[in-house]
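These protein sequence lines map, in sequence, to chains A and B.
Sequential numbering of the first sequence, starting at 1, is according to this note's numbering.
Sequential numbering of the second sequence, starting at 1, is according to this note's numbering.
It should be emphasised that the hints constitute simulated quantities derived from the structure, not laboratory data.
No residue lacks a Cβ here, since even glycine has one placed at the ideal position from N, Cα and C.
Watch out, some of these pointers could steer you wrong.
Below 25 Å or equal to it, Euclidean Cα-Cα: the simulated SDA-like pairs (lysine to any residue) are [as the list claims (entries may be wrong)]: (1) B:Lys147 <-> A:Lys49; (2) B:Lys129 <-> A:Ala27; (3) B:Lys121 <-> A:Tyr29; (4) A:Lys12 <-> B:Arg36; (5) A:Lys49 <-> B:Asp241; (6) B:Lys174 <-> A:Glu11; (7) B:Lys71 <-> B:Asp194; (8) A:Lys12 <-> B:Lys135; (9) A:Lys49 <-> B:Pro205; (10) A:Lys2 <-> A:Glu25; (11) B:Lys135 <-> A:Tyr29; (12) A:Lys12 <-> B:Asp288; (13) B:Lys52 <-> B:Ala354; (14) A:Lys2 <-> B:Phe142; (15) A:Lys12 <-> B:Met238; (16) A:Lys49 <-> B:Phe83; (17) A:Lys49 <-> B:Asp194; (18) A:Lys2 <-> B:Phe83; (19) B:Lys52 <-> B:Gly215; (20) B:Lys245 <-> B:Phe142.
Per the computed footprint, the stretches of chain A lying under chain B, defined by three or more beta-carbons under 8 Å from a beta-carbon of chain B, are [as the list claims (entries may be wrong)]: (21) 34 to 40; (22) 45 to 55.
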Amino acid sequence: MKNDWMHAMVEKCMHCGACAGTCPENAIYLHEVVVEFNDLCTRCGRCVKLCPVGAISMEAKKK
Amino acid sequence: MRTDYDIIVVGGGPAGSMTAYHAAKKGARVLMIEKRQEIGASLRCAEGISRKGLDKAMIPVDKRWVSAEMKGAKLVSPNGSVFRIDESQAGDEVGLVLERHRFDKYLAERAAKAGTEIRLKTAATSVIKEGGVVKGITGVSFGEPFKLTAGCVVAADGFESQVGRWGGLDTVLKMSDITSCFQYRLTGIKTEPDFCEFVLGKVAPGGYAWVFPKGGDTANVGMGVLASMLKRPGDVKMYIDKWIKKDPRLSCGQPLEAVAAAVSVSPPVEKSIADGLLLVGDAARVIDPITGGGIANGCIMGKFAGEVLGDCVQAKDFSEAALKPYERLWRDELENKLYRNWMAKEKMTTLTDAQLDGVIETLAECDIHEMNVYNILAALKQKMPDLVKEFEEFI
């Protein structure tokens with residue numbers, strides 16, 4: 001299931017797969033040029049920090 | 001279309017093609033799938049390789065995929081001191097800068113000629129397991145879902161390294177074992193056309209900046225920063241843009257290509273095989289943690305993998321026990337150096353700019369005939385005994 005809190009900005013993303021290889025939960029999949037985040041995501045933020053171009057953002061938890 | 005193979009290789013990079021080539025040569029029915037629409041593109045590489053690495057993988061040098069031949073390397077310290085390593089000192093380690101678009105296609109061509117079937121725009125999305133044994137993959141090919149069975153699935157999926165994880169092998173990295181990278185192909189620059197350049201220090205925290213010549217006044221100009229030293233998202237691009245702007249030799253250039261990537265600078269995986277599953281290349285984390293180079297190691301591993309898999313096909317046995325010779329072969333060849341360089345990287349990333357200046361200045365002053373870790377330490381020992389002591393502990 002796709003999650004609704006992680007986003008990759010298509011205008012910035014260079015589809016390099018750095019995020020997918022860094023995710024410890026297998027929560028990121030790179031479909032050739034489209035990054036998909038699933039609900040295994042634990043919001044650890046590693047992909048946000050690692051992305052070479054700063055394309056990934058994480059929404060704050062809804063209360 | 002066939003749905004059952006001896007070997008399915010996931011990923012059409014050098015390690016995947018080498019595995020496919022050697023397995024197919026031994027008579028295996030091999031399918032190699034590539035997620036992208038082209039083998040060798042898009043580039044995610046600085047393209048440097050040593051001649052020795054190509055020799056070990058038994059790949060004869062072909063001018064069609066050589067971009068530039070190097071005379072040596074230059075290490076630049078934070079204060080601008082330069083230490084040159086030329087051909088006579090570095091021997092076979094002096095390298096070539098490849099044209100990866102062509103190199104990868106050349107290796108895939110060889111695999112195809114040996115009988116490998118190749119499908120592009122075809123991605124794996126999970127592995128099929130029965131009773132703990134990997135039996136194949138599911139995926140998507142040109143938008144159509146598929147299911148394929150195989151005696152052995154080869155995970156050659158590079159840094160992403162997800163196939164192994166789906167199959168139960170641990171390929172997760174620590175943030176201190178990943179570098180986040182950005183590179184431009186710059187043209188119209190004024191750097192030396194036959195020396196690779198490595199710039200150390202806080203210009204690229206925990207990593208380095210590089211200039212790898214591509215012929216004429218063009219070069220791959222890039223930078224890697226250790227992920228655990230990143231502060232804000234997009235830091236790497238900010239660091240490299242700042243560095244290029246400050247260096248007049250580079251700031252006069254214009255970009256032809258931009259590349260983003262992550263590189264593992266970790267020890268190799270604890271386990272590269274399972275029943276019906278095998279990891280090769282970056283997917284097995286065999287990039288050299290000091291240099292960040294991984295093409296040669298991936299090719300060497302692919303050769304071993306293909307040869308062992310060829311034997312497995314003959315014996316119709318793809319169990320972990322049958323794959324064991326592969327694990328032994330690549331560890332004997334690569335593991336010691338990878339571990340040593342990983343430990344050296346752990347230490348290197350703690351050095352201050354002043355310490356790095358001291359190291360480079362000392363090396364530049366003394367006359368080292370043959371570059372190796374022992375000779376470097378011997379040279380440094382006189383001037384920086386305390387620093388050398390820390391390194392000696394693990395060498």
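How the hints compare with the structure:
The suggested pairing of Lys147 (chain B) with Lys49 (chain A) is violated, with an alpha-carbon distance near 35 Å, which exceeds 25 Å. Straight-line distance between C-alpha atoms of Lys129 (chain B) and Ala27 (chain A) comes to about 20 Å, which keeps the hinted pair within the 25 Å bound. For the hint linking Lys121 (chain B) to Tyr29 (chain A), the alpha-carbon distance of about 15 Å falls within 25 Å, and the restraint holds. For the hint pairing Lys12 (chain A) with Arg36 (chain B), the CA-to-CA distance comes to about 19 Å; that is within 25 Å, so the pair holds.
For the given pair, Lys49 (chain A) sits about 18 Å from Asp241 (chain B) by alpha-carbon distance, which is consistent with the 25 Å threshold. At most 25 Å may separate the alpha-carbon atoms for a hinted pair to count; Lys174 (chain B) and Glu11 (chain A) exceed this at roughly 28 Å. Note on Lys71 (chain B) and Asp194 (chain B): the hinted pairing holds, with a Cα-Cα distance of about 5 Å set against a maximum of 25 Å. Distance hint between Lys12 (chain A) and Lys135 (chain B) is unfulfilled; the C-alpha atoms sit about 38 Å from each other, more than 25 Å.
A hinted pair counts as satisfied when its Cα atoms are at most 25 Å apart, and Lys49 (chain A) with Pro205 (chain B) qualifies at roughly 14 Å. For the hint linking Lys2 (chain A) to Glu25 (chain A), the alpha-carbon distance of about 14 Å falls within 25 Å, and the restraint holds. Taken as a hint, the Lys135 (chain B) and Tyr29 (chain A) pair is honoured in the structure, with Cα atoms around 22 Å apart against an allowance of 25 Å. Between Lys12 (chain A) and Asp288 (chain B) the CA atoms are separated by roughly 29 Å; this puts the pair beyond 25 Å, and the hint is violated.
Restraint check for Lys52 (chain B) and Ala354 (chain B): not satisfied, since their Cα atoms lie roughly 33 Å apart, outside the 25 Å limit. With a CA separation close to 21 Å, the supplied pair Lys2 (chain A) and Phe142 (chain B) stays within the 25 Å bound. A hinted pair counts as satisfied when its Cα atoms are at most 25 Å apart, and Lys12 (chain A) with Met238 (chain B) qualifies at roughly 14 Å. Straight-line distance between C-alpha atoms of Lys49 (chain A) and Phe83 (chain B) comes to about 33 Å, which puts the hinted pair past the 25 Å bound.
The straight-line distance between the Cα atoms of Lys49 (chain A) and Asp194 (chain B) is roughly 35 Å, outside the 25 Å bound, and the hint therefore fails. Pair hint Lys2 (chain A) plus Phe83 (chain B) does not hold up; C-alpha atoms about 51 Å apart against a cutoff of 25 Å. Between the alpha carbons of Lys52 (chain B) and Gly215 (chain B) the distance comes to roughly 21 Å, so the proposed pair stays at or under 25 Å and holds. About 42 Å separates the Cα atoms of Lys245 (chain B) and Phe142 (chain B), which puts this hinted pair outside 25 Å; it is violated.
Counting residues of the region 34 to 40 of chain A whose beta carbon lies closer than 8 Å to any beta carbon of chain B gives 0, which falls short of the minimum of three for the stated coverage. Using a Cβ-Cβ cut-off of 8 Å, 9 residues of the region 45 to 55 of chain A lie near chain B, which meets the minimum of three, so the contact claim holds.
The structure fails to meet hints 1, 6, 8, 12, 13, 16, 17, 18, 20 and 21 from the earlier list, while all remaining hints are met.
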